[in-house]
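Dock chain to chain to rebuild the complex, using the hints, since each chain is given by itself in its own frame.
Here are the chains, one letter per residue:
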Amino acid sequence: MIASRYYLLLTALVMLALVSILLSLLSGSVELPFPELINELLQPSDTLSGQVLREIRLPRTLAAFTTGGMLALAGVIMQVLLRNPLADPYILGISGGAAVGALAAILFGLGGWWLSSTAFVGALVSVLLVFGIANKFGRWSVTRLLLTGVVISAGWGAVINILLTTSSTNNVQSMLFWLMGDLSQSSVGGGHYLLLIAGIVFGLLASRSLNVLIRGELVATGLGIEINSLRIALYFSASLLTATAVTIAGSVGFVGLVVPHMLRLLGARDHRILIPGSALLGGSFLVIADSIARTAVAPQQLPVGVVTAIIGVPAFLIILRSTIRK
Amino acid sequence: MSCLELRSLTIEIGNKTVCRDLSLTINPNERWALLGKNGVGKTTLLHSLLALHQPSAGEILVNNKSLRNTKRQELAKYLGILFQEGMHAMPSTVLETVLIGRHPHAHSLLLDHPRDMEFAQAALRSLDLEAFAQRQIDTLSGGEKQRVALAMLLAQAPTVYLLDEPSNHLDLAFQVKLLSALEQQLHQQSACVLMATHDINLAARFCDRFILLLGDGNVVFGKQDEVLTETALSAAYDCEMRKLTAGNMHLYYPALPTEPGSASGSQALI
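Chains as they are written, first to last, in this note's numbering: chain R, 21 to 346; chain X, 1244 to 1513.
Chain X with its partners taken away, still in its complex shape (with noise of 0.2 Å):
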């Protein structure tokens, strides 16, 4: 059983190709991260999962059911997403925002239901919210924001997460506890992750498989040491990329042009 299918998928925007011919699986308990330079279509991607983008070919798969005969409330029961822009135009407290979560469970029309408050709750604690409950969301900082939408997403418990920059304006212990309880999620529910990021070594601290967009229509995926190499990481990032190895870690960094061995380095030493 796998939560999520595509099938020969091509995705274009504008006159640019996303990915061509893209067929992969993705399956519960599995960490996945889409990784790509500024504008080659990350976001796009995450919102043809949703329905949000139409694919030009191929198909999608969501819980074994083809995507486009599921009902956006039946696919909010399952696939749950973050997205990158702020969302909040009117006053509204923390709670209350977390709470809006639950709406693809609501069984009454007018009442709540007392587990509703238990996932909100439970979402505040896993990002350190508790005290934050009843505060206005726009005196909130950049950062706080971030966790308030990704405790409404944890509040929503779908089986696929997909997020979109999940890291924005995150301070790294933030960074952490975010992933911890998105880990502790997939253990209790098997659910999967799907995340787009620019940050590639807070993926592959978090990720154990990764999709990496070329940007002529191109997709490299699979495991780490299969896509994280420093050729295919430099020509999706149009930027020598360098990879340090420490023990079973990886980190990865862009070269500066100053730097011996680097390409562009050299020619401006010449």
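Chain R extracted, bound-state conformation (with noise of 0.2 Å):
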């Protein structure tokens, strides 16, 4: 049912979507201030801090918040298909199969648009590899996609080690910092963001049947949803999002498991908001946790993936607390 107080929910997310933009435009260690700020916005000068804005602020808050906004979007996707809450997007090995090829492009010496499409390619063959294989049989269960993905991912997690301890330490760093999630050298165009609207629009398009589904396969057959067409549109649309995520900023973790928790525990259960809810607060909370990340022990860069757990953490946990007593 959607009532005014989702209404409410989606507007409070916009703004905060726009707030936590504005934040990471503002903070960084060339000093710009908001008049300059908005100024620049409008009539670009060849001033310092405005190519520090164009060139390096903007790009990375837009990266940020369309990264955050596919991850939690597929979260969302993933905790509907496989009926779980502890789902997130990477847990049918999508980050994995990416590691793995992007690690190898680290190893080669390989930067730039290679590590994007060894990475790229690399989740789709672990899209298609989890599905060929949980589909063997024609009639796939959630439980046999479920296990097929987490071997899979356990397997891929061996490769990766096997990557780690082989490379030389300078090649480590570079990997390590892949692989906890990172967006210094992330920039992201006309097809990502289409590829975003095009998620929450199939998300929205899809949402009522979401509703249906979470509450199980028979109740939803019983009440006319055409289960394994749903499906199946359901991962390939998450493994899209996710991979496409992934080849942006490597595996960032957390936005996917606990931006959809938090709003859950807000009240919006329902996907007509939930989906479109996650995609702002995801976008929003990369956006405020990187512009942490490049700033807290500048000119050092943390790795943004650690950022987003070190606050999701105790914010997840404070709604918890809160909605607990009700």
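In case anyone wonders, no lab produced these hints; they're calculated from the structure. Note that CB positions come from ideal geometry on N, CA and C, so glycine has one too. Accuracy of the hints is not assured; some may be wrong.
Here are some chain R residues pointing at chain X (derived, C-beta under 7 Å) [what the hints assert, rightly or not]:
1. R164
2. E237
3. G244
4. L250
5. R292
Derived DEER-like restraints, expressed as beta-carbon distance ranges [stated by the list, open to error]:
6. X:N1312 <-> R:G287: 41 to 49 Å
7. R:V333 <-> X:A1300: 30 to 38 Å
8. X:G1385 <-> R:T186: 50 to 58 Å
9. R:L167 <-> X:D1381: 37 to 45 Å
Simulated coverage check for chain X against chain R, where a stretch passes if three residues somewhere in it have a Cβ under 8 Å from a Cβ of chain R [said to hold, decoys possible]:
10. 1317–1328
11. 1347–1361
12. 1445–1451
What follows is the structure, encoded as structure tokens:
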């Protein structure tokens, strides 16, 4: 049921998104006060602060928002698909496949485009592998999918460890940053925004069905849902979002698991709200985390994946505690 | 116009035959009971009517249309089912859950129709759940959860009600309440009911037609005096069954091995 308090929640999330993006643009080692920021956004100039804003902060902020939105969206979808509150975008091994691809690229001294491409290919290999094995006997059960994903994930983990232990110290540093999730090399373009928007639109189109599917496969079938085609669509859309997010920023943890639960705890259980809400909150969350990651111990940078956990854990526990009494 | 028609239906599961060459017609306003011992295939038969299980032979017609040519969403508007198992993984309130029953009738992608809320409220009322509307499902007792599941089905308002053990966890007062709520729906919309149950007496009170699965693929069906005989029931349940008649009411109960006159009992005495 969409009631007025849901609109209120969505409005609050939009405001949060705008505020977090502004804060991110304001923070950094080069001073850029608010009036000047607005000026620069409206009338670009060639000053140092203008260049920092346009070439460093803005792209990175947008990359953080897009990645966070994709991960949170993929998290919601995975949690419904697997009917498991512990599911996150990485549970079926997508990040493992991407990591092996990315680490291999680092091992061979390749960066930039190569790194993203190998990561993406690794993710897709994993997606197809899990789907192929779980789907082998026609009907795929949630349990089989989950077990296949977890086992494939463990396999990738072993390969990652081999790559880490046999690489030079220099490479290991870059590899660890990638594994923890890092936005310092990230940039996003039109395709990425389009994918995020397409993900939200797909999620909204499926949202009524998601509300039903989460109550069980039999119930959903009884209420007229073709669960097989729905599940395949969910699997591939969540996978594509995750693979893309991982390609942009490495395996940033925690966003995809916790953001949907934060919203559920705040009362947004209807997927018509949860889908757009997660994209907004996930984006804002990663933007804030990344602002902290690049300013907390400046000039050193922290991997953003560490910060998501450090601020996410207490934030989640506070919400959990304040709602548990009801 | 029939609600549901089975034509030479054979259903098998594993190496067990649930029914062989079964043909019967369920008409509006009829109340059918599906009886048989544990594991005989009552649930499988219900699932076949929902295309969740493929029959080995024969045809099922729902609303005079072959089940195979019916889209699942169309089917859900006409035929609703109460499953035997629970369904609650994520937190949710009673009202939210009952509203889910309106899914097949959703008109708009995102917006709710006020009528959906009316159906849900009426369903809550008829099972005395109004006070529970905002309660979390996981704080309810087994019987209360069963009432929520039933309310969800009432909100779906199908023409064919398939019920798998509807009286599970329900105390006697709510069994009566459930039956009168169903009764009302039958009258209002010429619906029909097919309920699988292990409670022969509940079935005998409420239903006017009976299907008895014998376990070997043979099926007896028809009116009470044709189906609910001591001989047929004893064969179906592998246990000596008795019938007690008082006025126009019949009570069915199993004979204890020690009771005189029971076959196994007399053996025990020897």
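Outcome of the hint check:
no., hint, verdict
1, R164, "violated (18 Å)"
2, E237, "violated (10 Å)"
3, G244, "holds (3 Å)"
4, L250, "violated (11 Å)"
5, R292, "holds (5 Å)"
6, X:N1312 <-> R:G287: 41 to 49 Å, "holds (42 Å)"
7, R:V333 <-> X:A1300: 30 to 38 Å, "violated (59 Å)"
8, X:G1385 <-> R:T186: 50 to 58 Å, "holds (57 Å)"
9, R:L167 <-> X:D1381: 37 to 45 Å, "violated (26 Å)"
10, 1317–1328, "holds (count 8)"
11, 1347–1361, "holds (count 7)"
12, 1445–1451, "violated (count 0)"
In summary, the numbered hints that this structure violates are 1, 2, 4, 7, 9 and 12.
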